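Student: Read top to bottom, the protein sequences are chains A and B. Residue numbers for the first sequence follow the UniProt record's numbering, so the first one is 1 and each next one is one higher. Residue numbers for the second sequence follow the UniProt record's numbering, so the first one is 1 and each next one is one higher.
Everything labelled a hint here was simulated from the structure, so no lab data went into it. Values in this document were obtained by computation on a predicted structure and should not be read as measured data. Possibly wrong hints are sitting among the right ones.
As the list claims (entries may be wrong) - Calculated lysine to aspartate or glutamate pairs in the EDC-like style (CA-CA distance at most 16 Å, straight line): (1) B:K454 <-> A:E370; (2) A:K454 <-> B:E370; (3) B:K502 <-> B:E472.
Claimed, not checked - Just a sample of chain A residues kept apart from chain B, beta carbon distances all over 12 Å, derived: (4) S40; (5) I246; (6) G276; (7) Y299; (8) P365.
Yeah, the Cβ is synthetic: ideal placement off N, Cα and C, and Gly gets one too.
Protein chains: 2
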Amino acid sequence: MTVHPAHTRIELGDLRVPVTRVALTNGETFDRYCTSGPGSEPDVGLPPLRAAWIASRGDTASYDGRETQLIDNGRSAIRRGEARDEWRGERRRPRRGENVTQMAYARAGIVTEEMRYVAVREGCDVELVRSELAAGRAIIPANVNHPESEPMIIGRRFLVKVNANIGNSAVTSSIAEEVDKLTHAITWGADTVMDLSTGEDIHTTREWIIRNSPVPIGTVPIYQALEKVAGEADKLSWEVFRDTVIEQCEQGVDYMTIHAGVLLRYVPLTAARVTGIVSRGGSIMAGWCLAHHQENFLYTHFDELCEIFAAYDVSFSLGDGLRPGSTADANDEAQLSELRTLAELTARAWEHDVQVMVEGPGHVPLNLVEENVRLQQDWCHGAPFYTLGPLATDVAPGYDHITSAIGAATIAMHGTAMLCYVTPKEHLGLPNRDDVKTGVITYKLAAHSADVAKGHPGARDWDDALSKARFEFRWHDQFALALDPVTAESFHDETLPAENAKTAHFCSMCGPKFCSMRISQDVRERFGSELSAEDAALGMKEKSAEFVELGASVYVEPRG
Amino acid sequence: MTVHPAHTRIELGDLRVPVTRVALTNGETFDRYCTSGPGSEPDVGLPPLRAAWIASRGDTASYDGRETQLIDNGRSAIRRGEARDEWRGERRRPRRGENVTQMAYARAGIVTEEMRYVAVREGCDVELVRSELAAGRAIIPANVNHPESEPMIIGRRFLVKVNANIGNSAVTSSIAEEVDKLTHAITWGADTVMDLSTGEDIHTTREWIIRNSPVPIGTVPIYQALEKVAGEADKLSWEVFRDTVIEQCEQGVDYMTIHAGVLLRYVPLTAARVTGIVSRGGSIMAGWCLAHHQENFLYTHFDELCEIFAAYDVSFSLGDGLRPGSTADANDEAQLSELRTLAELTARAWEHDVQVMVEGPGHVPLNLVEENVRLQQDWCHGAPFYTLGPLATDVAPGYDHITSAIGAATIAMHGTAMLCYVTPKEHLGLPNRDDVKTGVITYKLAAHSADVAKGHPGARDWDDALSKARFEFRWHDQFALALDPVTAESFHDETLPAENAKTAHFCSMCGPKFCSMRISQDVRERFGSELSAEDAALGMKEKSAEFVELGASVYVEPRG
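Could you put the whole structure together from the sequences, leaning on the hints where they help?
Tutor: Following this line, the structure appears as structure tokens:
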């Protein structure tokens, strides 16, 4: 699962916390955060890393669980009379407890293995982890039924995280393809993955994904609930939804998007928008509210939902069903009204010790981006913000990974804790394997840009290590340290394919006869890298003579 | 030269100012700024649009001009004993005057055709154009020997512009390839193009480029001067440089990067940097200063340079030879010392009525970006800022069009007037044709994001037109309005290739059975797009009944 021969997965300490160790040609090493997991056979799944930790806490018990029904896999399973491609690996009985959330432990002053694991991963003190969890400013999404997951934390005091969406839709399909996208996403650095399947085999696809996922898995359960009522939103009910949530809690979903802030009275606020309601979940709930002229059942049953989530440690991702779908609609009354309700729901979830993050837009012009974080952090008492981009302009379909990376880096710099990636296919089609990679890489660089801008401890070390390799013409190290070593090396080789070009002290931009980096090195050799400006100015006359004496060489001959 | 069947080049008014008119399927049209020119046969070149305007001013005269020498095409031409692939189109005698700059006219209260042309292009009052030029806050790069160019303006009160770099290097070559890159760059929206050739046939390549370019052409004359002294920077002299500048003035170069701010005393400030001096021009001049222990000859001869530029109306692009080459070196003393000198040189150029823009970095973490514009605008009295990105992180070679688009959108939002593109090949190799397109599109979306964020008059109209098309399922219009219609349509077709999918009221994200956009339209139909929230709330009960009566349809059947 490593992407370059110079990369190795190293495991630190008694908890075996993974890092990717990059071996450099100068004998140094550089450690990078590792999301790719220990690797799995798709048919078998991953080992249950957290099973012993969960069991040893003694506050959960296994039970028979809900019986799987044909409709769990959609209407086509009913037509066929059977599910297909069923999970072939081990089937564990589900567990549950009373109030077994990482927030509950943190508030009780208990330091869990999950917290210790995260502290090693982030290179911070475990007390920071515990206290941020206790305050609700960070979450560790960690369903007791997803013991395969390697704990990670989402919060503004920690590294900015990236989520990748995968999942089939009614017009495409294949479980193996989705598992492959999962693996591809985490290989390139996705911190969490959302399974947004809306097509066939929903239950089974999710089982394969969770059993093979070393990262937390999120879902939007209303999609499956809608499938259970034949796609007719007005037939939805709390009972169908509750059944779906329990089904997914037992499978091990770590966080769920719940559109409980789409209140009946907010729906008309969207009528005059340029793009109305663009969230699928938001429009389903809006449709239901209008059809029944009743308040959103996710809102009216919110406390029941909290009780369920507390029993499995499922985290809320409070959905922004009324997010803007165009820059024209950004920061409008519909969006901000819903955000106020999400703030109210955050406080209610915290009464149940349930972990919460809050979802954000979407499409926002750059001048309005900061306000989104400021209001969310203020109103929601610092609960982690989880945004989709936002896109800084609507005019570039086909490049919305970039239009949104611009907004994403900016919003993360101002305090967003996790970014939901956008692929080049956004607005146009479903991402394939390559799109998943492009989306993840683009968002990793946006997230890292934000870490650097925030002055996050150690964030710039990576930039410095790569820049030093670049300056010293260590081409192999530059590739190995790159976010995407494969692409970096192949682009280099397009112009200069010969192996000796990778040890040469020049590149194809300036060619062998002249190279600015080389001149800089000459300057350094003559003035010393530690000279102060004053010292240097004093010594310059002398050095100048020496420079000319040495041949005043300011260009480089080919070395190859 | 249009990229989509729905696009037509329209010419407005007596000056025949081009716009790209997009015909929409609902009978409306949308006009976009057009950079692609009227189209040319490479062998023949473009018609001299501005020739009559220039002649009618009566302040320039043609003269014999400098005789071309073999060394103008580099050392290989000398070895061969002849130039090759010489320009086959019309050869005009060069013109010059005394003080024929757009700034001089603007300061004298004269409104030129160039200013009128630009005002139509920008959709603004011509007095804004004249007054911004007079104040030095904007430039129209328009050498009297490049009459083929369609005038454009660079300044913070106008649309943010994008420059594309092309040019061969010592390890690659072909004039036809470079002309093709020029055409490709302007087709996709480049507002100016810099020819950064450092390899063979420099003079001839530039001739072909200028004669075929409807956009201003910029160069870095020190590259050619270095070639004339066999690549040995210490052999450079004011005389060789001056000769090269005149050669390029007579060919029609519209703006030139001049690294006159790299002062001898600043060079040691770079010794302790992570990446030293990364500007090619900067390191050439630093090498020269050190070798001779003399002040930079571009600085000491700056007034002479101004006199030459004034005679042809060549604009300065004051080069930032000491720009940071890594986020670690951003906003350091070397960079800011040079900027103070560039401010001094700006004022000196303005004494000669010579137009000036100032170049900026490079590599800057997001939290330090705004300071770059603020200091430049403050110190340089509002002269247009022209930045290369900046890259917000160093860790993603292969994706530096994106790492830099993040910085570029941000710096432009704060007042940068023109962005120099970065392609995916940055740091790795020379951009090919596809890289040029990717770089231009990426920078156009960054520039437009900044226009929207600045609230530039009319900027968001484009976003709104596209978003409306999206909301109304006008797929063909969404493609036609996209920055890159070709890519948008091909991505859509990858998932749903059938023609009827482009008239269908759904897409592959949600599939035919459910679509949030459609629900929003139902909401609008029932509540009316102009209803206030209060009105809507009052009428909601009634509407709700009606909604259910109509079948409470919240999903969409396939229409195809």
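Student: All hints are to be evaluated individually against the structure, with a verdict given for each.
Tutor: Here's how the hints hold up against the structure:
For the given pair, K454 (chain B) sits about 14 Å from E370 (chain A) by alpha-carbon distance, which is consistent with the 16 Å threshold. Using a Cα cut-off of 16 Å, the hinted pair K454 (chain A) and E370 (chain B) holds, with the two alpha carbons roughly 14 Å apart. The straight-line distance between the Cα atoms of K502 (chain B) and E472 (chain B) is roughly 12 Å, inside the 16 Å bound, and the hint therefore holds. With 12 Å as the threshold on Cβ separation, the claim that S40 (chain A) sits away from chain B holds: the shortest Cβ distance comes to roughly 28 Å.
Chain B leaves I246 (chain A) outside its interface by the beta-carbon criterion, the shortest separation being 23 Å against a cut-off of 12 Å. A Cβ of chain B approaches the Cβ of G276 (chain A) within 12 Å, the least distance being about 3 Å, so the stated non-interface status is violated. Listed as outside the interface, Y299 (chain A) is consistent with that label: its C-beta sits roughly 16 Å from the nearest C-beta of chain B, beyond the 12 Å cut-off. Here P365 (chain A) does not stay apart from chain B, with its beta-carbon only about 5 Å from theirs, under the 12 Å limit.
Hint violations for this structure: numbers 6 and 8, all remaining hints satisfied.
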